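Let the sequences and hints guide you as you build the complete structure.
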Amino acid sequence: QQPVQSPQAVILREGEDAVINCSSSKALYSVHWYRQKHGEAPVFLMILLKGGEQKGHEKISASFNEKKQQSSLYLTASQLSYSGTYFCGTEHNYGNNRLAFGKGNQVVVIP
Amino acid sequence: NAGVTQTPKFRILKIGQSMTLQCTQDMNHNYMYWYRQDPGMGLKLIYYSVGAGITDKGEVPNGYNVSRSTTEDFPLRLELAAPSQTSVYFCASSYDVHEQYFGPGTRLTVT
Chain H
1 QQPVQSPQAV
11 ILREGEDAVI
21 NCSSSKALYS
31 VHWYRQKHGE
41 APVFLMILLK
51 GGEQKGHEKI
61 SASFNEKKQQ
71 SSLYLTASQL
81 SYSGTYFCGT
91 EHNYGNNRLA
101 FGKGNQVVVI
111 P
Chain C
1001 NAGVTQTPKF
1011 RILKIGQSMT
1021 LQCTQDMNHN
1031 YMYWYRQDPG
1041 MGLKLIYYSV
1051 GAGITDKGEV
1061 PNGYNVSRST
1071 TEDFPLRLEL
1081 AAPSQTSVYF
1091 CASSYDVHEQ
1101 YFGPGTRLTV
1111 T
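Chains H and C, in that order, are what the protein sequence lines are. Just so you know, the first sequence maps onto residues 1 to 111 in the numbering used here. Just so you know, the second sequence maps onto residues 1001 to 1111 in the numbering used here.
Because the hints were derived from the structure by calculation, they are not lab data. Keep in mind it's a predicted model, so treat the numbers as computed, not measured. Be careful, since some hints might not be right.
[What the hints assert, rightly or not] Computed footprint of chain C on chain H; a stretch qualifies when at least three of its residues, placed anywhere within it, have a C-beta under 8 Å from a C-beta of chain C:
hint: 1; segment: 9 to 22
hint: 2; segment: 97 to 106
[Unchecked claim] Derived DSS-like pairs: lysine-lysine, alpha-carbon spacing no greater than 27 Å straight-line:
hint: 3; chain 1: C; residue 1: K1014; chain 2: C; residue 2: K1044
hint: 4; chain 1: H; residue 1: K68; chain 2: H; residue 2: K103
hint: 5; chain 1: H; residue 1: K26; chain 2: C; residue 2: K1057
hint: 6; chain 1: H; residue 1: K68; chain 2: C; residue 2: K1044
hint: 7; chain 1: H; residue 1: K50; chain 2: H; residue 2: K26
hint: 8; chain 1: H; residue 1: K50; chain 2: H; residue 2: K67
hint: 9; chain 1: H; residue 1: K103; chain 2: H; residue 2: K37
hint: 10; chain 1: H; residue 1: K50; chain 2: H; residue 2: K103
hint: 11; chain 1: H; residue 1: K68; chain 2: H; residue 2: K26
hint: 12; chain 1: C; residue 1: K1057; chain 2: C; residue 2: K1009
hint: 13; chain 1: C; residue 1: K1009; chain 2: C; residue 2: K1044
hint: 14; chain 1: C; residue 1: K1014; chain 2: H; residue 2: K67
hint: 15; chain 1: H; residue 1: K67; chain 2: C; residue 2: K1044
hint: 16; chain 1: C; residue 1: K1009; chain 2: H; residue 2: K103
hint: 17; chain 1: H; residue 1: K50; chain 2: C; residue 2: K1014
hint: 18; chain 1: C; residue 1: K1044; chain 2: C; residue 2: K1057
hint: 19; chain 1: C; residue 1: K1044; chain 2: H; residue 2: K26
hint: 20; chain 1: H; residue 1: K50; chain 2: C; residue 2: K1044
hint: 21; chain 1: H; residue 1: K26; chain 2: H; residue 2: K103
hint: 22; chain 1: H; residue 1: K50; chain 2: C; residue 2: K1057
hint: 23; chain 1: H; residue 1: K37; chain 2: C; residue 2: K1044
hint: 24; chain 1: H; residue 1: K68; chain 2: H; residue 2: K50
hint: 25; chain 1: C; residue 1: K1057; chain 2: H; residue 2: K103
[Claimed, not checked] Under 7 Å between C-beta atoms, here's a sample of chain C residues computed to sit facing chain H:
hint: 26; residue: E1099
hint: 27; residue: F1102
hint: 28; residue: G1105
hint: 29; residue: L1108
Note that beta-carbon positions come from the ideal geometry of N, C-alpha and C, so glycine has one too.
Next comes the structure, spelled out in structure tokens:
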């Protein structure tokens, strides 16, 4: 079941904050966040696990609401390097790391 | 450490031709994955493997086959290529249920 990501696109100036969201209609075991720049491969940012454990990027934070089956990624004091498309991947069953990816949030940071 | 490598980078196939996309990782990861990414869409899982000799279908397996005879290699076979298989193909690997590392991708056009 493909998660839904919102908003589809965000434009912000350097230094501004933004929140992007990922929600699922099925119970989640974990949520992964990846960032992809144009013409490149996706790069891992963060994993949020059921039970509250987080692993990942130091400068980007995220939350995981198990009850609401959703996750949010917080881009704080954005930098030009934050531009790209952010994908969430949701895992519904522990053990196979099989992810369903959303369509992505396109983020553009301008000077 | 080369990480995940994919060959070829680009390929044009005629309808009905066959080809194999190669994927190799040197991180001793047990899990490997094949995804396809169409423009403006997220990543769709084609096949995955949790270890040598073990493979399983993902979300969109029709028209593809895989094998995993070694830990390092996970080739994807396209039989009887169709225009609907025009896409960017990414191979990824992970150590158990952790972050996935993606290869640079293969851009395939079927005409």
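Do the hints match the structure? See the list:
Note: the segment 9 to 22 of chain H has 0 residues with beta-carbon separation from chain C under 8 Å; the three-residue rule is not met and the coverage is violated. Chain C is given as covering the segment 97 to 106 of chain H, and this holds because 8 residues of the stretch bring a CB closer than 8 Å to a CB of that chain, at least three being needed. Restraint check for K1014 of chain C and K1044 of chain C: the C-alpha separation of about 23 Å stays at or below 27 Å, so the hint holds. For the proposed pair K68 of chain H and K103 of chain H, the alpha carbon gap of about 20 Å is at most 27 Å, so the pair holds.
Restraint check for K26 of chain H and K1057 of chain C: the C-alpha separation of about 20 Å stays at or below 27 Å, so the hint holds. As the CA atoms of K68 of chain H and K1044 of chain C are separated by approximately 24 Å, the hinted pair is consistent with the 27 Å bound. As the CA atoms of K50 of chain H and K26 of chain H are separated by approximately 13 Å, the hinted pair is consistent with the 27 Å bound. Our distance criterion of 27 Å between C-alpha atoms is met by K50 of chain H and K67 of chain H, whose separation comes to about 10 Å.
For the given pair, K103 of chain H sits about 14 Å from K37 of chain H by alpha-carbon distance, which is consistent with the 27 Å threshold. Using a Cα cut-off of 27 Å, the hinted pair K50 of chain H and K103 of chain H holds, with the two alpha carbons roughly 23 Å apart. Annotation: proposed proximity of K68 of chain H to K26 of chain H holds, straight-line Cα distance about 10 Å (limit 27 Å). Simply put, K1057 of chain C and K1009 of chain C have alpha-carbon atoms about 24 Å apart, close enough for the 27 Å limit, and the pair holds.
Our distance criterion of 27 Å between C-alpha atoms is met by K1009 of chain C and K1044 of chain C, whose separation comes to about 19 Å. Proposed proximity of K1014 of chain C and K67 of chain H is contradicted: the alpha carbons are some 49 Å apart, above 27 Å. A C-alpha spacing of about 26 Å is found between K67 of chain H and K1044 of chain C, which places the hinted pair at or below 27 Å, so the restraint holds. Straight-line distance between C-alpha atoms of K1009 of chain C and K103 of chain H comes to about 23 Å, which keeps the hinted pair within the 27 Å bound.
Using a Cα cut-off of 27 Å, the hinted pair K50 of chain H and K1014 of chain C is violated, with the two alpha carbons roughly 46 Å apart. Taking the CA atoms of K1044 of chain C and K1057 of chain C, the gap is about 11 Å. The hint holds against a cut of 27 Å. Taken as a hint, the K1044 of chain C and K26 of chain H pair is honoured in the structure, with Cα atoms around 18 Å apart against an allowance of 27 Å. Pair hint K50 of chain H plus K1044 of chain C holds up; C-alpha atoms about 23 Å apart against a cutoff of 27 Å.
A C-alpha spacing of about 17 Å is found between K26 of chain H and K103 of chain H, which places the hinted pair at or below 27 Å, so the restraint holds. Of the pairs offered as hints, the one joining K50 of chain H and K1057 of chain C holds, with about 25 Å between alpha carbons and a cut-off of 27 Å not exceeded. Taken as a hint, the K37 of chain H and K1044 of chain C pair is honoured in the structure, with Cα atoms around 18 Å apart against an allowance of 27 Å. Taking the CA atoms of K68 of chain H and K50 of chain H, the gap is near 12 Å; set against the 27 Å cutoff, the hint holds.
Among the hinted pairs, K1057 of chain C with K103 of chain H is consistent with the structure: their alpha-carbon atoms are about 21 Å apart, no more than 27 Å. Interface hint at E1099 of chain C: satisfied, since its Cβ lies 4 Å from the closest Cβ of chain H, which is below the 7 Å cut-off. Because the smallest distance between the Cβ of F1102 of chain C and any Cβ of chain H comes to about 4 Å, under 7 Å, the interface hint for this residue holds. Hint on G1105 of chain C holds. Least Cβ distance to chain H is approximately 6 Å, under the 7 Å limit.
The interface hint given for L1108 of chain C is violated, since its Cβ lies 15 Å from the closest Cβ of chain H, which is over the 7 Å cut-off.
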